[in-house]
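J.: Read off the chains here:
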Amino acid sequence: MTKKNPMSRALVRRETIAGYAFMLPSLIFFLGFVIYPMVQCVFTSFFDSTMNRDDIFIGLDNYKELFQDPIFRGALWNTVIIVVVSVPVVCIFSLWVSSVIYDLKGPVCSAFRCIFYLPVVTGSVAVTVVWKWMFNNYYGIFNYVGTKTGVLDQNINWLGDERFALGCIILILLTTSVGQPIVLYVSALNNVDQSLVEAAEVDGATKMQCFWKIKWPQIMPTTLYILVITTINSFQCFALIQLLTSGGPNHSTDTIMYYIYYNAFKLYRYGYGNAMGVVLAIIIAVLSAVQFKMAKSE
Amino acid sequence: MKNSNFNRSTVYKVVSVAAIAIFAFLFAFPLYWIITGSFKTPAAINSTTPQWWPTEWVMDNYQKLFSRQVAPLWELHIPFTKISFAGPEMPAALRWLVNTVFMAVASMILTCITAAMAGYALAKKRFIGRTVMFSLIVCAMALPKQVILIPLLREMSSLELYNTIWAVIFPIVGWPFGVFLMKQFAEGIPGEMMEAARIDGAGEWKTFYTIALPLIKPGIGALAIFTFINSWNDYFMQLIMLSSTDTLTISLGIAKLQAENATDFGLIMAGASLAAIPIIIIFLIFQKYFTKGITMGAVKG
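Here the protein sequences come in this chain order: E and R.
Per the UniProt record's numbering, the very first residue in the first sequence carries number 1; after that it's consecutive.
Per the UniProt record's numbering, the very first residue in the second sequence carries number 1; after that it's consecutive.
Simulated from the structure, these hints should not be mistaken for lab results.
Misleading hints may appear alongside valid ones.
What the hints assert, rightly or not - Distance windows between CB atoms, simulated:
{"id": "1", "chain 1": "R", "residue 1": "Met193", "chain 2": "E", "residue 2": "Val80", "range": "48 to 54 Å"}
{"id": "2", "chain 1": "R", "residue 1": "Met193", "chain 2": "E", "residue 2": "Ile58", "range": "57 to 63 Å"}
{"id": "3", "chain 1": "E", "residue 1": "Asp161", "chain 2": "R", "residue 2": "Pro72", "range": "43 to 49 Å"}
Stated by the list, open to error - Cross-link-like lysine-lysine pairs, in silico, DSS-like; alpha carbons within 25 Å at most:
{"id": "4", "chain 1": "R", "residue 1": "Lys292", "chain 2": "R", "residue 2": "Lys217"}
{"id": "5", "chain 1": "E", "residue 1": "Lys215", "chain 2": "R", "residue 2": "Lys217"}
{"id": "6", "chain 1": "E", "residue 1": "Lys105", "chain 2": "R", "residue 2": "Lys292"}
Glycine included, C-beta positions come from ideal geometry on N, C-alpha and C.
The shape of chain R in the complex, shown without the other chains (with noise of 0.2 Å):
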């Protein structure tokens, strides 16, 4: 008896690992397709007869996804002049990965930042109006983004912020998710080490600083690596607040391509290419952070 059911529940086990490796290598399968799409050939592209892999690897597409448009790699405004520095031209692409990468750094420097001071203060100060500040958070994480984009917009034109790259970083920043998660992280300092230090007349900026910062630290790392991603990966929110060649992130550049050229796949792949393969390497480097912090931010639920 007891042999039988160790046998079914081995094929069980056997049966859903294939299954679910099918289902994996279906789930890789829009990844491959770009990625060896935007090698092809236009012949392969449009032909009805789909290439499994390419027989002839081509770089047809990325030089015309370069060559398109030009912009200067980068610019810097000094802020209240009308003074800027401009980097040298280069093709359009380049310079919206350039947005893209310093978009989403400045988006998570800044959201570690203020949300670990917010979340040691919310785990460890016991001050008032603590619990509605908190409930106030937790209200604001359940409604979703986007509702509020309308009168963001409106808010950043009038604050001149709109179709500068900081349009988009300043709502990621106060969006609470990251308070909350450093919140559940700061719950883990001891009481003793704090009081210790107190004792030893540290102020607060000193013992946030030397004692709780680094308990936090994986928490940070898992938060830093989680805001990379999404800001990278927020489109709705580039598309409201972005719209000249310069301003615009690869998520968007990619999305006007597609508008301008909707049959040309291959140079559409090209430009996906473009977008996915840094992430995903990021991705798979900083993976063991990433599943951390998606973990802890569920804990408490």
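Extracted from the complex, chain E is given alone in its bound form (with noise of 0.2 Å):
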């Protein structure tokens, strides 16, 4: 016993100078190019910063003109939208479509995926640019449609109205999101554990209540982190907004992220763009501790 201290010491030594050697190629990746700017954009959301001149420090100025901005209200308020309608339908959608293909024949259950998760594969500027085609004032097969089965009575400028814009770019979301969730769920569904089913349905329990008293505990897990990635996918939307409605019309389309990119690449405010974004890491960090916590207490 007495022997083994130093042993043990050594062999932690040695670990350690392992452990690090094996880990410097991706430190000097990730410590570069992903905490050192996350340090700066902190830092310099205290500044004033733009091209070509230095920073000024300016204190809490940026947050103050934040919470005062209405553009920025505004484009608070769209991303909540966008996230409180998304969330609930990718979640919902998703579970429904698996929990009726998991137990389909393999080749079948695959295809179903493999469709489901294509818009993700195609990227989202070829998938931008065809939806935008779709919704066209003229040319667009929603009007077309539309109109030949009388639901619309005359052409709408889809994209180009307060009303609908930010309706579409849900709608388009929502196809480019539920992809991985379905595959989560197909595999998330293919382990639980087979025996309680069968005990439960020799026990004459109803299909309805094998799923909600059985599989839905076991894939809890996974609904958990569905939730957190939807909710951060939904926070990032970008190329659908950038590509389709650069915000307008008259910011009815603007959400976080896109207003970030305005301001830091339009305007040249860094300064204010990254204390947007402190903000933004702020609020999905609070909603990713809070999913954590519910799902923890159930």
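Since each chain comes alone in its own frame, lean on the hints to assemble the complex.
T.: As structure tokens, this is what we get:
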């Protein structure tokens, strides 16, 4: 016992050296291109910072301006709408689809899973440009189908109308968001302890009861993970907005992410953009923590 | 009683599968529209009555896309010198494709190497500061990637990497999801095997190379395809870091096409097909690994 202590100290030292040696290549990139910019982001948010000029320290002025900026508040509100609509819809839709397809025959199930994943793989730019065409005022198929079937009495300028633009964006966002949750749910449902399900069926439980009483608790961790990633993804909705509406008409589709981009790369207000980034990061961190807490208590 | 129950659930199942099939059709439709649209004549595209199936297939849109701009097919710079080798002049769209493939492959290789090593260390080495490292990685993962883009842009300009493909690659490699994923896989390496290797006199590197690496190979496959597809589609980063015609990626190129020719949908769809089809083929080939990668990342939550 007394002999083991110095031995293990030598071992710890060896392990530490080896550990960091293995970590080193990854750490260079991680610290250099993730952690350093994050620190810079917080730091610069206290400065008036723009191109070709030294930063000027202004304390909390960026944050003060932020909370009085009506466009920022509008962008925050739009982001909240996108998150509040898309997160539950994505979760419920993907749970429904997965619960139906997971016990279909192998190839059928993976074909469905594949199709729902296609919009993710296709890439945001290709997806966005085709939707832009489909929503087009004159040549789009939405107006054609709508007027032909009598749902619409005249062509609607979907993306140019304050009442519809945000809805269109949410619709496209939904099609690109359900792919990953479906993959996750299908594999989680396949991993559910089958003996419990069989036991319940022998006892005369209905399919519904089986699902909610036995499978649902077991796929709870997956649900939590899906909630977190969908929330983060919805907050980050950017390519759609930049390519479809540029935040318009009349700021009706501005989101925080787009407004950060607009301030930093169109107005070159780096400090102000960074302050928004910090606020966004705090919001997401708090939401993730709440979601984790809720899931832990269950 | 049991019988009616059985019937009801069968009916539910059939109706649901039918409904899901309709949804699946709607999900696949935009892709269908991109591909068929790229072969339609301008008249078919600019008609208010859509052509559900192209009556006439033409290559005009692709010809237009390829004749718009030219750029050397590749350019090789020797670091720290002014020497460079340029490839033959080709349509710019092909150059964008070359750039995109290079970016995705380089990100993939660098990510796999660094993440496999770091994930192994985090899972199997009991070193001081390990828990701190791991929590730092998990926290960084939860933050939105885009908030670091402004400082990243300034960092890249001061490193003189702005408007080079490396400005996109390095942040992708630094993103800690890969390390997290590889740690999950490396947890499964049995300790006895490593112990045995050590008793046989294998050094740290040899243990990693001969024992750990073969065991985490499926994980590396998953990470490789995951990184490849994600970097291919990482539009925001590319948008900010790349600006001149010969450094653009295919996604950026299409976005630019769209900004310059807003209503020439045939041309834009040709570009979109060029961007989407290669990545979809790759996805279909490596689908199995990909699914594994997504699910493994979620296991721990």
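J.: With reference to the structure, classify each hint as holding or not holding.
T.: Now the hints, each set against the structure:
1. At about 51 Å, the CB distance of R:Met193 to E:Val80 agrees with the hint of 48 to 54 Å.
2. For R:Met193 paired with E:Ile58, a C-beta distance near 58 Å keeps the hint of 57 to 63 Å intact.
3. Between E:Asp161 and R:Pro72, the C-beta spacing of about 44 Å keeps the proposed range 43 to 49 Å intact.
4. In summary, the hint linking R:Lys292 to R:Lys217 is supported, as the alpha carbons are separated by about 12 Å, within the 25 Å threshold.
5. A C-alpha spacing of about 31 Å is found between E:Lys215 and R:Lys217, which places the hinted pair above 25 Å, so the restraint is violated.
6. The hinted pair formed by E:Lys105 and R:Lys292 meets the criterion: a straight-line CA distance of about 19 Å does not exceed 25 Å.
Consistency note: the structure conflicts with earlier hint 5 alone.
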